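Chains as they are written, first to last, in this note's numbering: chain A, 5 to 437; chain B, 5 to 437.
Quick caveat, the hints were computed from the structure, so don't treat them as lab data. In this text the structure is predicted, and so the values were computed from the model without any measurement. C-beta atoms are modelled at their ideal positions from N, C-alpha and C, and glycine is treated no differently. Mixed in with the good hints there might be a few duds.
Which chain B residues stay away from chain A? Per the calculated CB distances, all over 12 Å, these [said to hold, decoys possible]:
hint, residue
1, Glu19
2, Ala24
3, Met54
4, Gly238
5, Met315
6, Ala327
Which residues of chain A face chain B? A few of them, derived with a C-beta cut under 10 Å, are [what the hints assert, rightly or not]:
hint, residue
7, Asn73
8, Lys140
9, Ala185
10, Asp186
11, Pro187
12, Ser188
Number of protein chains: 2
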Amino acid sequence: MNLTELDSDALEDAEARLLAEFESLKSQGLSLDMTRGKPAPDQLALADNMLSLVGPGSTSGEDGTDYRNYGIVEGIPEARRLFAEYMGVTPEQIIVGGNGSLTMMYDVLAGAVLFGVPGGNGPWPRSTAGGAGGQKTSKVICPVPGYDRHFAICERLGLEMISVPMRDDGPDMDAVESLVADPSVKAIWCVPKYSNPTGATYSAAVAERLAGMNTAAPDFRILWDNAYAVHHLGNGPVEIPNMLEVCAKAGNPDRVLMFGSTSKITYAGSGVALMAASETNVADAVKKLSFATIGPDKLNQLRHVRFFQSMDGILAHMDKHAAIVKPKFDAVEDALKSRLTGKGIADWTTPDGGYFVSLDVMDGCASEVIRLAGEVGVKCTPAGSTFPYKRDPDDKNIRIAPTLPSVSEIEQAMTVLCVAVELVCVRRLLGRN
Amino acid sequence: MNLTELDSDALEDAEARLLAEFESLKSQGLSLDMTRGKPAPDQLALADNMLSLVGPGSTSGEDGTDYRNYGIVEGIPEARRLFAEYMGVTPEQIIVGGNGSLTMMYDVLAGAVLFGVPGGNGPWPRSTAGGAGGQKTSKVICPVPGYDRHFAICERLGLEMISVPMRDDGPDMDAVESLVADPSVKAIWCVPKYSNPTGATYSAAVAERLAGMNTAAPDFRILWDNAYAVHHLGNGPVEIPNMLEVCAKAGNPDRVLMFGSTSKITYAGSGVALMAASETNVADAVKKLSFATIGPDKLNQLRHVRFFQSMDGILAHMDKHAAIVKPKFDAVEDALKSRLTGKGIADWTTPDGGYFVSLDVMDGCASEVIRLAGEVGVKCTPAGSTFPYKRDPDDKNIRIAPTLPSVSEIEQAMTVLCVAVELVCVRRLLGRN
């Protein structure tokens, strides 16, 4: 029953029915949170043995270095080796850092704004009282919908964001290629695998165009946030191009900075962060870091190395995550399918990995859906979050984060969300909002 | 025997004797490192039990929050309580962070340059291609000799450094008060207790003048790096003024940012960092941090809380450090005293705590002393390191870091250093260099 084809009598009937259902849900006093991509406790517990692997007498590295002491800004060698394999690079091409890749990404852009990056002509101009007068504000291309924290960094640092549509195989490359002809366009955010929030994965063709395109800025950077490199939903990680190799092959070895972390592999708050890039970019990052730190927490890196031992260890671990997470994504899909299919008011993604489902509702309805769901005790990521400046121009995108709640909580929350979607869209069709 | 009073024959005799001793030391093939203030392995081992206090099933906080997951940018409440007592503030006035206070200090100044601080008029202008054209470069007062990494942050960020002499009770306050009449003078570095490198401790009078002085910059900041708050050498920590209280009393509650860490209490590489300040400054810092991190490593904070349990636990722990470190400082003092007393060529400090001894030799001799010691296999902190831009205008200061080597290594290294001092100064008196 496509709601968009109903006459107003039928729509009014639907509205009455949905309103009754909505009121009955409201009376249940729910309190559910689907706002953030947080791992569930049983996912975190998968890594608990890691805590026992560094103890009194076992705090030194493979070469006898005392990892309790200062030093080793770039990360311990055994961690660089393991995570080089994870990122598909050499140990010389990776920095293993502290507990969050967000910090590395922030530092890269703050460092660009303060000092510039290799191949460029000094600091990236930004829009602020303290910025460089007369110079054009640097711009960052943002495929949308995308990750709110990427956008927040740009906004904070005074880097102008330009949206381009995200497709099933990556960003709209015609749009990207035309934008980079402007020398003030300095970077693009990419979540290349199981993208946040759509779950899309970049194709080899898109990766090659990104690597090879002519950028007017000599210091253009692809910010390749491979946050979900191994975070599949049961069928093993999909393959994506090794972006550092693709860029090197295209003659632009310094173009890409690849990020990763174990935040959603071991512990969200106590993982290790990764940045992989050309040796030129790594040397630049280490130099920048060396003013701000005497070294990362090496014992936590050592815990990780001892826990996983190898890339196979990481992959085996991720199968256990998939077993926990898959039923939750299924619950989301089942609810959307059974309640919204064929109604002409919503589309959604069915990802093979990552942490999100992206739901598009009728234009102009997302904020109201989220508000209504909130009234019933279901918190969703605020409308607009997946767009630069928190402005979804069509007010249609809703990000669903199913990992933290239990399956039964998701079922409840999705019922609420679907009823809210239908109710808001019916009212829209009736011209009521 | 004051060498400065000898005639040239006697000086030549001394030179020959010292040269022979120097050559004999050289033949011993020493390899000793006194460059950095690193804890020794037996100091680090004092905290090893900390590693066993957070394990499977014991990863939640006092209120049940799962500390393995994301969040809590300002630090876990139990750590804020414990370290608030350590810093002499309320839990609302402290941020407990990652593994290094250097990062917090860098972030404060980078944040000032990028965004400004509460009470100011936007970003602090800096000297760089990307800086704000036409505005006067911001300046930071640096008591000298001081901590090289403080100076490196300023130089890196394009903040101009102005040296003022460090006295036994803090910086030359007449000089400081006259400098802050310039609105481009924005901050002063202070290591208020057992200062790096002289070991001096600020007096209440100096603290009050710093807190109460009229600064032309409304957003002037005292960067109060209380790195050695409890790091005494056997007689318990000396008392210093509670700078946040002193500033509040003077009507300048936002003037001071106080830093601390457990890097030299638990593990140099895996401690926790602390910043204490007014609630206005804490809110500003948390806002700045929230763009760059989803939270610190909360499990490591929990380890610390469980290990110490209370301020008394920290103090008892520091007595154990003192028992290890004191004999090393004694070995430095004994060597200096027995070899250089009364010779008219050197003065040095005898601190009650901290990590360093500061040795002043005849003007123009420090670089050559350090070069010669290096020839014999004794690495000292490079000459000039304790001054802004690595330039000691008198080339006389040498920083001795006795904690890492063993007592017998220190005895060897100090013999080398003292012979080098005497040889270089004798030659200087002979007009040879």
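Which constraints among the numbered hints does this structure fail? Numbers only, ascending. 3, 8, 9, 10, 11 and 12
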